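Undergrad: Turn these sequences into a full structure, and let the hints steer you where they fit.
Going down the list, the protein sequences come from chains Y and S.
Per numbering that gives the first Met the number 0: the first sequence = residues 0 to 523.
Per numbering that gives the first Met the number 0: the second sequence = residues 0 to 523.
Among the hints, a few may not be true.
Intra- or inter-copy, both count: the list cannot distinguish identical chains.
The list that follows gives simulated cross-link-like pairs (lysine-lysine, DSSO-like), each with its CA atoms no further than 30 Å apart [to be verified]:
no., residue 1, residue 2
1, K344, K245
2, K383, K253
3, K137, K324
4, K505, K336
5, K245, K484
Worth flagging that the hints you see were computed from the coordinates, not collected in a lab.
These numbers come from a predicted model, not from an experiment.
There are 2 protein chains.
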Amino acid sequence: MIEGKNVIGFEKLGDSDDAVVAVSPADGSTLAGSFSPATSIEIDLALRKASQAYLNYKFLSGSKRAAFLEAIGEEIMSLGDELVHRAMAESALPEGRIVGERGRTVNQLKLFASLIREGSWVEASIDQAIPDREPLPKSDIRKMLVPIGPVVVFTASNFPLAFSTAGGDTASALAAGNPVIVKAHESHLGTNELVAGAIARAAEKTGMPDGVFSTLIGSGYELGQKLVTHPGVKAVAFTGSLRGGKALYDLAAKREEPIPVFAEMGSINPVFLFPEKTARDAENMAATYAGSITLGVGQFCTNPGLLVGIKSEGLTQFEGSLIEKLRATPAGCMLNKGIADTFLKSSTDMLSEAGVSVLKEGNNTTANSINSVLVKVSAEEFLKNPKLHQEVFGPYCLIVECDHRDDMLAVANKLEGQLTATILAVEGELSDNRECLDAITEKVGRVIYNGAPTGVEVCHSMHHGGPFPATTDGRFTSVGTAAIKRFVRPVAFQDLPDSLLPEALKRGNPLGIWRTVDGEQGKA
Amino acid sequence: MIEGKNVIGFEKLGDSDDAVVAVSPADGSTLAGSFSPATSIEIDLALRKASQAYLNYKFLSGSKRAAFLEAIGEEIMSLGDELVHRAMAESALPEGRIVGERGRTVNQLKLFASLIREGSWVEASIDQAIPDREPLPKSDIRKMLVPIGPVVVFTASNFPLAFSTAGGDTASALAAGNPVIVKAHESHLGTNELVAGAIARAAEKTGMPDGVFSTLIGSGYELGQKLVTHPGVKAVAFTGSLRGGKALYDLAAKREEPIPVFAEMGSINPVFLFPEKTARDAENMAATYAGSITLGVGQFCTNPGLLVGIKSEGLTQFEGSLIEKLRATPAGCMLNKGIADTFLKSSTDMLSEAGVSVLKEGNNTTANSINSVLVKVSAEEFLKNPKLHQEVFGPYCLIVECDHRDDMLAVANKLEGQLTATILAVEGELSDNRECLDAITEKVGRVIYNGAPTGVEVCHSMHHGGPFPATTDGRFTSVGTAAIKRFVRPVAFQDLPDSLLPEALKRGNPLGIWRTVDGEQGKA
Numbered sequence: 000m001i002e003g004k005n006v007i008g009f010e011k012l013g014d015s016d017d018a019v020v021a022v023s024p025a026d027g028s029t030l031a032g033s034f035s036p037a038t039s040i041e042i043d044l045a046l047r048k049a050s051q052a053y054l055n056y057k058f059l060s061g062s063k064r065a066a067f068l069e070a071i072g073e074e075i076m077s078l079g080d081e082l083v084h085r086a087m088a089e090s091a092l093p094e095g096r097i098v099g100e101r102g103r104t105v106n107q108l109k110l111f112a113s114l115i116r117e118g119s120w121v122e123a124s125i126d127q128a129i130p131d132r133e134p135l136p137k138s139d140i141r142k143m144l145v146p147i148g149p150v151v152v153f154t155a156s157n158f159p160l161a162f163s164t165a166g167g168d169t170a171s172a173l174a175a176g177n178p179v180i181v182k183a184h185e186s187h188l189g190t191n192e193l194v195a196g197a198i199a200r201a202a203e204k205t206g207m208p209d210g211v212f213s214t215l216i217g218s219g220y221e222l223g224q225k226l227v228t229h230p231g232v233k234a235v236a237f238t239g240s241l242r243g244g245k246a247l248y249d250l251a252a253k254r255e256e257p258i259p260v261f262a263e264m265g266s267i268n269p270v271f272l273f274p275e276k277t278a279r280d281a282e283n284m285a286a287t288y289a290g291s292i293t294l295g296v297g298q299f300c301t302n303p304g305l306l307v308g309i310k311s312e313g314l315t316q317f318e319g320s321l322i323e324k325l326r327a328t329p330a331g332c333m334l335n336k337g338i339a340d341t342f343l344k345s346s347t348d349m350l351s352e353a354g355v356s357v358l359k360e361g362n363n364t365t366a367n368s369i370n371s372v373l374v375k376v377s378a379e380e381f382l383k384n385p386k387l388h389q390e391v392f393g394p395y396c397l398i399v400e401c402d403h404r405d406d407m408l409a410v411a412n413k414l415e416g417q418l419t420a421t422i423l424a425v426e427g428e429l430s431d432n433r434e435c436l437d438a439i440t441e442k443v444g445r446v447i448y449n450g451a452p453t454g455v456e457v458c459h460s461m462h463h464g465g466p467f468p469a470t471t472d473g474r475f476t477s478v479g480t481a482a483i484k485r486f487v488r489p490v491a492f493q494d495l496p497d498s499l500l501p502e503a504l505k506r507g508n509p510l511g512i513w514r515t516v517d518g519e520q521g522k523a
Numbered sequence: 000m001i002e003g004k005n006v007i008g009f010e011k012l013g014d015s016d017d018a019v020v021a022v023s024p025a026d027g028s029t030l031a032g033s034f035s036p037a038t039s040i041e042i043d044l045a046l047r048k049a050s051q052a053y054l055n056y057k058f059l060s061g062s063k064r065a066a067f068l069e070a071i072g073e074e075i076m077s078l079g080d081e082l083v084h085r086a087m088a089e090s091a092l093p094e095g096r097i098v099g100e101r102g103r104t105v106n107q108l109k110l111f112a113s114l115i116r117e118g119s120w121v122e123a124s125i126d127q128a129i130p131d132r133e134p135l136p137k138s139d140i141r142k143m144l145v146p147i148g149p150v151v152v153f154t155a156s157n158f159p160l161a162f163s164t165a166g167g168d169t170a171s172a173l174a175a176g177n178p179v180i181v182k183a184h185e186s187h188l189g190t191n192e193l194v195a196g197a198i199a200r201a202a203e204k205t206g207m208p209d210g211v212f213s214t215l216i217g218s219g220y221e222l223g224q225k226l227v228t229h230p231g232v233k234a235v236a237f238t239g240s241l242r243g244g245k246a247l248y249d250l251a252a253k254r255e256e257p258i259p260v261f262a263e264m265g266s267i268n269p270v271f272l273f274p275e276k277t278a279r280d281a282e283n284m285a286a287t288y289a290g291s292i293t294l295g296v297g298q299f300c301t302n303p304g305l306l307v308g309i310k311s312e313g314l315t316q317f318e319g320s321l322i323e324k325l326r327a328t329p330a331g332c333m334l335n336k337g338i339a340d341t342f343l344k345s346s347t348d349m350l351s352e353a354g355v356s357v358l359k360e361g362n363n364t365t366a367n368s369i370n371s372v373l374v375k376v377s378a379e380e381f382l383k384n385p386k387l388h389q390e391v392f393g394p395y396c397l398i399v400e401c402d403h404r405d406d407m408l409a410v411a412n413k414l415e416g417q418l419t420a421t422i423l424a425v426e427g428e429l430s431d432n433r434e435c436l437d438a439i440t441e442k443v444g445r446v447i448y449n450g451a452p453t454g455v456e457v458c459h460s461m462h463h464g465g466p467f468p469a470t471t472d473g474r475f476t477s478v479g480t481a482a483i484k485r486f487v488r489p490v491a492f493q494d495l496p497d498s499l500l501p502e503a504l505k506r507g508n509p510l511g512i513w514r515t516v517d518g519e520q521g522k523a
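TA: Laid out in structure tokens, this is it:
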């Protein structure tokens, strides 16, 4: 069933002889399929097709593009167990998780479909002419968001469906009117091929142009470099490591024509434990966080990697309970050998940093199957050692023990940009520590109160982003409907005849969308 | 009156001994004032004050910040003739233009004041909790735009008021809640000092924090480098040359923490003359374009530098009339010697390019006072010579003569990103050339029908931006209320108690702003 080809529009090509294989992270066995890395000719073909498809695709109505997105969801569902089993085999994630993630992927496609079918997302704004204005007449000016051109998507290892081939980046770029070229993730080549086939079938069934979607196989850096520096590419989305994302950002900035790169690159997602809440609720908090730290073997971008508390009986109780619950959590297999090896090395390295004590060892010796690691350090040591601020991707957590609340504020102020921060506090503590809340807010894209950072709701109000190094541009999000804004730009039309204006800007508002007319919102 | 100091918050400092002077471009005379370039200590102080001011300023209500912006306008007006005369002396622009530009500057401040007083610009979006949702409860998530931090503004030579010290970049950054550090333009140091004083007085009168605004004197590259690489700076706005803007962009991308740079870098603003319109209306078109090409001695970012027409009697008539009208237009003094020298060299260089013929010589020998230059080339030569696509800043225009409409389309497809493009056509011609309209739209931020690109309306629907190299990021604008979006980022709050939420996100909508609640727009 698995052909190992690059999906290039409606063609499947694989002319290279240097085949690569897919490996099971659970047992190291080779999975079905022999995958052909894209040749330079195949890369150029994908980009040429994308540029050509763009000329047609960008003008399709919201409802036509919505039908395409929905059809992708249907084709994914009709892959049935074949997809679920392949994704499980390639990621070592359990069936429940993959089935849930598939649901999220399909719902995400539906959400973008409903957004573009409704149509107001283009932010149509109209300033009407005032021909007799003094000293100069005012022209009729009408502005809306339009697509930006072919988008390259670098997929995430940790969401083989929801942030991969037909994930949030692809869905938002396609919704906006841009063709997409996905770099197949080396960790789930078979899953990628199955989903890419679903997208290609959906494109054919709904009459989309050849080239609206392609996926290319190849080694991360080499193929990445070719894609990001290709003149036909107009924007890049990436989910992965700081090193990987920053390398693509640097390449894009050095192009003759620089292009925007939205890279979501990781976060330690600090959690601030206020003393009264901790004293009252240590057991529940420990249960929640043992679950959050080990969820998906800690392989979430919102995994809590830092717990900041104030020395107290409550904190001691929380620690004890957390250790116990982490000990009771079984080891889990990581997504691939590279990630497991890096986890082993990074979590071990942290132990040799000054002042770091081990609360719960991983005892991790066998590759890929991993136990959580819980360590602890004083605020004083943490504040002077940037190494301790680094993410260890996986079920690793560092408790920072503060002497008093000023330390907590100092820690908040010292942090780099993060996707999220969480505050565990009773309401009075939060209002008494307004300065701390404000300092935390400054560093992050999302502030969570009395919850856990894992679990990112896909909705209009979600912001999954944050100041660098959480992402390359804190003004954008990769989750939620606003993710579409990464791949569009405004165009204004001045005095253009109504018959030639895009539907969204025509005088009669034929789409019935929300528009801003002379500064006032309405549907008139 | 002119002290020659750096305005750093509420202090005026100038400890350097290396004073620079302001020079009249009209006669080369030295103008009053001896200006002290900012020392490293002064630069650090301005940034330290800005970072400190930010902690307070970012939380001020829209109406307080609006009062500050309006007070800036009032203080600028109360500078009276002193400001007008100094700006005239430094820019060689006539009184009418400076007075008009002052009005535009004040109106721009008022427009941003009204935007933030009304408040809906923060794009508040709320997804309400669904505690009993299966399989997982949905949290309450509320998102809005918040300021990004201290912004450095590099001002434009050609708008000593409206795109300088208190211009659109400053107004939009301050409106968003960010302190601003302006690099004083070397061509209008006195004007800068006067306006900076007005801003400082407005800040004191309206109770703004010390450091919400500073301006620093110094040589372009050296001070620019120090500012853009300073860790306290969170965003950059620039208006000027491609070389200058790209250098700042590169510096910002190489920082340990990269920051967004919005540089508006120029454009040749192509104009497409369709044959029927040209045949019918050659005389009027020539009058409009003789005016547009020479307006402000051609020193507008939207100056039409390229006219693309199809060989015909109409085009010949248009050319003849344009030549005549340009000949009748008196020479004008450019903004400074550097700009005049560059114009002389660049416009002369173009004459030696293959196939370029001169329709109207500048006969420009005396520095600074400049006559327009009109040249012509075939589409064939234009398409193969990228040099001819470059901007010559000033009253220079190149006519590209096409044999047929396919040439016109080829020219549109070959162009780099532009701020604007204009189409002169009768309505039938435009609908018959839909492909050409689409190709043009792809390359620009604003499409103008039967008008001239000069004259940029400051309003909600304006887009003054465009694909690279017109700007460094085609997703943003520097003119109009949307300019504020360059300097903000979204933050989401999950399950935060109502009492601790920002006003814009509170349950009762106390600000009465437009919000998106569960995907529906309204003021409920």
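Undergrad: Against each hint, give a clear statement of whether it holds in the structure.
TA: Status of the hints after comparison with the structure:
no., hint, in the structure
1, K344 / K245, "within (22 Å within a copy, 40 Å between copies)"
2, K383 / K253, "between (34 Å within a copy, 25 Å between copies)"
3, K137 / K324, "between (68 Å within a copy, 25 Å between copies)"
4, K505 / K336, "neither (55 Å within a copy, 47 Å between copies)"
5, K245 / K484, "both (21 Å within a copy, 24 Å between copies)"
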